[in-house]
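**Student:** Sequence:
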Amino acid sequence: MGEMGEMGSVYEQYYTGGCAKTEEEEAASSEEDSSSVRGSGFCKWFNVRMGFGFLSMTHREGICLDSPVDVFVHQSKLHMEGFRSLKEGEAVAFTFKRCFNCGGPNHHAKECQLPPQPKKCHFCQSITHMVANCPIKAQQLSPGSQGKSTASTTGEEEDMSHTPFPPDSSD
Numbered sequence: 005m006g007e008m009g010e011m012g013s014v015y016e017q018y019y020t021g022g023c024a025k026t027e028e029e030e031a032a033s034s035e036e037d038s039s040s041v042r043g044s045g046f047c048k049w050f051n052v053r054m055g056f057g058f059l060s061m062t063h064r065e066g067i068c069l070d071s072p073v074d075v076f077v078h079q080s081k082l083h084m085e086g087f088r089s090l091k092e093g094e095a096v097a098f099t100f101k102r103c104f105n106c107g108g109p110n111h112h113a114k115e116c117q118l119p120p121q122p123k124k125c126h127f128c129q130s131i132t133h134m135v136a137n138c139p140i141k142a143q144q145l146s147p148g149s150q151g152k153s154t155a156s157t158t159g160e161e162e163d164m165s166h167t168p169f170p171p172d173s174s175d
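Heads up, the working numbering is the position in the sequence shown plus 4, with the first residue counted as 1.
These are calculated hints, taken from the structure and not from any lab test. One should not assume that every hint holds.
[As the list claims (entries may be wrong)] Cross-link-like lysine-lysine pairs, in silico, DSS-like; alpha carbons within 30 Å at most:
{"no.": "1", "residue 1": "LYS124", "residue 2": "LYS141"}
{"no.": "2", "residue 1": "LYS48", "residue 2": "LYS141"}
{"no.": "3", "residue 1": "LYS124", "residue 2": "LYS114"}
{"no.": "4", "residue 1": "LYS114", "residue 2": "LYS141"}
{"no.": "5", "residue 1": "LYS114", "residue 2": "LYS91"}
{"no.": "6", "residue 1": "LYS48", "residue 2": "LYS123"}
{"no.": "7", "residue 1": "LYS114", "residue 2": "LYS48"}
{"no.": "8", "residue 1": "LYS141", "residue 2": "LYS91"}
{"no.": "9", "residue 1": "LYS123", "residue 2": "LYS141"}
[What the hints assert, rightly or not] Here are the simulated distance ranges between beta carbons:
{"no.": "10", "residue 1": "GLN117", "residue 2": "GLU85", "range": "38 to 48 Å"}
{"no.": "11", "residue 1": "PRO119", "residue 2": "PRO139", "range": "21 to 31 Å"}
{"no.": "12", "residue 1": "ASN137", "residue 2": "ILE67", "range": "33 to 43 Å"}
Using N, Cα and C, we set each Cβ at its ideal position, and we do this for glycine too.
Taking the hints into account, I'd like the entire structure generated from these sequences.
**Tutor:** Printed below as a string of structure tokens:
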């Protein structure tokens with residue numbers, strides 16, 4: 005299979021609570037990366053039109069698994085030049101943080117010993133709401149800011165979208 009860097013297109017994926025992290029979240033949690041679990045295997049199938057597919061994880065932390073484990077992959081998390089896609093049978097390497105089902109480390113949801121758990125927010129792990137209605141996420145990201153703070157350092161709000169009207173020429 006070669007070196008990890010040559011193994012495939014999904015190297016450096018980070019899964020948290022079953023969701024892959026965004027680039028901002030990856031940068032913010034780079035100090036936590038030592039707790040991620042490395043997996044490798046091959047692309048089972050990938051639907052280019054739908055933008056997702058499944059990987060077959062055959063190795064975890066370099067140890068061969070008794071039977072392959074299916075891992076969901078979305079095209080937005082493929083790290084490659086150009087069009088993001090995978091070919092059936094393509095060798096891949098990736099990392100994940102914790103189990104989608106229970107949130108525990110060092111195993112994938114298909115290997116979880118617990119029965120299916122209640123649905124929960126992928127951002128804060130609360131079972132009282134889903135990520136779309138997460139109050140913690142709403143506090144951290146203001147609407148329309150795309151993850152950037154819009155508050156002024158002086159504490160006053162600034163209207164960055166104000167454009168003056170042209171002078172009235174009907175005098």
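**Student:** Against this structure, judge whether each hint is valid.
**Tutor:** Comparing the hints with the structure gives:
no.	hint	in the structure
1	LYS124 <-> LYS141	holds, 14 Å
2	LYS48 <-> LYS141	violated, 34 Å
3	LYS124 <-> LYS114	holds, 18 Å
4	LYS114 <-> LYS141	holds, 28 Å
5	LYS114 <-> LYS91	holds, 23 Å
6	LYS48 <-> LYS123	holds, 26 Å
7	LYS114 <-> LYS48	holds, 16 Å
8	LYS141 <-> LYS91	violated, 35 Å
9	LYS123 <-> LYS141	holds, 17 Å
10	GLN117 <-> GLU85: 38 to 48 Å	holds, 40 Å
11	PRO119 <-> PRO139: 21 to 31 Å	holds, 28 Å
12	ASN137 <-> ILE67: 33 to 43 Å	holds, 40 Å
This entry does not satisfy hints 2 and 8, going by the numbered hints stated previously.
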